[in-house]
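Asks: Top line first, the protein sequences correspond to chains A and B. When you line the first sequence up against the working numbering, it's residues 395 to 599, in that order. When you line the second sequence up against the working numbering, it's residues 395 to 599, in that order.
Worth double-checking, as some hints may not be accurate.
Distance condition first, Cα-Cα at most 30 Å in a straight line; then the derived DSSO-like pairs of lysine-lysine [as the list claims (entries may be wrong)]:
id, chain 1, residue 1, chain 2, residue 2
1, B, Lys425, B, Lys518
2, A, Lys425, B, Lys521
3, B, Lys454, A, Lys425
4, A, Lys513, B, Lys454
5, B, Lys513, A, Lys454
6, B, Lys425, B, Lys521
7, A, Lys425, A, Lys513
8, A, Lys426, A, Lys518
9, A, Lys513, B, Lys513
10, B, Lys454, A, Lys426
11, B, Lys521, A, Lys513
12, A, Lys444, A, Lys518
13, A, Lys425, B, Lys425
14, A, Lys426, B, Lys518
15, B, Lys426, A, Lys521
16, B, Lys521, A, Lys426
17, B, Lys542, A, Lys542
18, A, Lys425, A, Lys454
19, A, Lys426, B, Lys425
20, B, Lys454, B, Lys521
Footprint (simulated), chain B over chain A, 3 or more residues, beta carbon under 8 Å [claimed, not checked]:
id, region
21, 556 to 570
22, 576 to 588
By construction, these hints were calculated from the structure, which means they are not laboratory data. By construction, the Cβ of each residue, glycine as well, lies at the ideal position given by its N, Cα and C atoms.
Protein chains: 2
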Amino acid sequence: MTPIKGQATDGRQRRNRSEDVLEAAVRVFHKKGYASASIQDIADEVGVLKGSLYHYIDSKEDLLARLFEDSAGHFMAMLDEASNLDAPPVERLRRFAYACSYWYLQNIERVTIYANEWKHLTGKRLKTVVGIREDYEARLASLIGEAKEAGEARPDLDVNFATYFIFGALNGLPEWYRRRGPDPAERIAESYAGLIVATVVGGGK
Amino acid sequence: MTPIKGQATDGRQRRNRSEDVLEAAVRVFHKKGYASASIQDIADEVGVLKGSLYHYIDSKEDLLARLFEDSAGHFMAMLDEASNLDAPPVERLRRFAYACSYWYLQNIERVTIYANEWKHLTGKRLKTVVGIREDYEARLASLIGEAKEAGEARPDLDVNFATYFIFGALNGLPEWYRRRGPDPAERIAESYAGLIVATVVGGGK
Numbered sequence: 395m396t397p398i399k400g401q402a403t404d405g406r407q408r409r410n411r412s413e414d415v416l417e418a419a420v421r422v423f424h425k426k427g428y429a430s431a432s433i434q435d436i437a438d439e440v441g442v443l444k445g446s447l448y449h450y451i452d453s454k455e456d457l458l459a460r461l462f463e464d465s466a467g468h469f470m471a472m473l474d475e476a477s478n479l480d481a482p483p484v485e486r487l488r489r490f491a492y493a494c495s496y497w498y499l500q501n502i503e504r505v506t507i508y509a510n511e512w513k514h515l516t517g518k519r520l521k522t523v524v525g526i527r528e529d530y531e532a533r534l535a536s537l538i539g540e541a542k543e544a545g546e547a548r549p550d551l552d553v554n555f556a557t558y559f560i561f562g563a564l565n566g567l568p569e570w571y572r573r574r575g576p577d578p579a580e581r582i583a584e585s586y587a588g589l590i591v592a593t594v595v596g597g598g599k
Numbered sequence: 395m396t397p398i399k400g401q402a403t404d405g406r407q408r409r410n411r412s413e414d415v416l417e418a419a420v421r422v423f424h425k426k427g428y429a430s431a432s433i434q435d436i437a438d439e440v441g442v443l444k445g446s447l448y449h450y451i452d453s454k455e456d457l458l459a460r461l462f463e464d465s466a467g468h469f470m471a472m473l474d475e476a477s478n479l480d481a482p483p484v485e486r487l488r489r490f491a492y493a494c495s496y497w498y499l500q501n502i503e504r505v506t507i508y509a510n511e512w513k514h515l516t517g518k519r520l521k522t523v524v525g526i527r528e529d530y531e532a533r534l535a536s537l538i539g540e541a542k543e544a545g546e547a548r549p550d551l552d553v554n555f556a557t558y559f560i561f562g563a564l565n566g567l568p569e570w571y572r573r574r575g576p577d578p579a580e581r582i583a584e585s586y587a588g589l590i591v592a593t594v595v596g597g598g599k
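Using the sequences and the hints, build the whole thing.
Replies: So this is what it looks like as structure tokens:
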């Protein structure tokens, strides 16, 4: 990709602009919906000409795929950090649950797109994103499985169902967060971490 | 509304046809998405002329609103049945959780629409549906609140957050159910009921 004449080719500046484009895409996709949004809308949001945008992306779908890959990178980093803690599995789960809930609350627009728009991906891109999603689910399932093996979860817990249950609960955050009002994200994230741990540990029967 | 000439005006037949139209709308909205679906698509699915459909509905949006009202009717009936049980709150919660999970699994297409398409409603219809949704959330919150008051839930449980958490988890069912394969709905519903009860009861900390 050739840099635009007269623009700095410095790597860091290029990276920042690429992030600006991603953030602009988040705002535009969230506001208009992915299907209705155009590359022109995103160029307008960034404040550049449409032609310049193609230095950073190949297509609208490319942008959506990158959004998923970038978000998945954040999730995996949070899972890694929690998994590397020197603590019992259930405390590692709590740490991840807090970090993840907090990140969701700080990135409501992006999470809404993550939860709803992945069906618009096609072919190889869809396959990649579904793969990332399955890896991520498998990683959380494995952490829950460790808690179960350590005897910290209830014995009849179905690890896979618990994993899907928890992701569903997290993906529901954007549905109500704005309506709810004045609770700080820290408090909600702490409460959600408690609910996630309870789901796994809980003495239901 | 005048019945079509030559058609039976018998109440039961009319009601059945009205249900057929609703079921056809579920299939069409699920397959094409509400935004892309047309009244013609629904008429084709029912197997009637487009004009005949207007004896049962006013517009596409009218159909979407009825879908919500009809689904909410089922939810409320399940809540009523569970609430009227002569059992401790947590057992009433388990009964509702089982019934609701099972209903979701039997109505995956409808639930997908319920979770994703309500934003297409406008004006008075949107207000009605949001109102129904809030009533329904308040009813579940009140059942969870009873469990807490009875000392069956953990003392630091935030009843509202728990309610949103549980609805999120339920609304996530359509995301993975088809992928998962051979587990019978009864087993998943029982597992989800256990997870919902655990979320409320659980000794997280």
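Asks: All hints, please: hold or fail.
Replies: Right, here's what the structure says about each hint:
no., hint, in the structure
1, B:Lys425 x B:Lys518, "27 Å, holds"
2, A:Lys425 x B:Lys521, "21 Å, holds"
3, B:Lys454 x A:Lys425, "23 Å, holds"
4, A:Lys513 x B:Lys454, "23 Å, holds"
5, B:Lys513 x A:Lys454, "23 Å, holds"
6, B:Lys425 x B:Lys521, "26 Å, holds"
7, A:Lys425 x A:Lys513, "18 Å, holds"
8, A:Lys426 x A:Lys518, "25 Å, holds"
9, A:Lys513 x B:Lys513, "18 Å, holds"
10, B:Lys454 x A:Lys426, "21 Å, holds"
11, B:Lys521 x A:Lys513, "28 Å, holds"
12, A:Lys444 x A:Lys518, "25 Å, holds"
13, A:Lys425 x B:Lys425, "24 Å, holds"
14, A:Lys426 x B:Lys518, "22 Å, holds"
15, B:Lys426 x A:Lys521, "21 Å, holds"
16, B:Lys521 x A:Lys426, "21 Å, holds"
17, B:Lys542 x A:Lys542, "26 Å, holds"
18, A:Lys425 x A:Lys454, "15 Å, holds"
19, A:Lys426 x B:Lys425, "21 Å, holds"
20, B:Lys454 x B:Lys521, "17 Å, holds"
21, 556 to 570, "holds (count 13)"
22, 576 to 588, "holds (count 4)"
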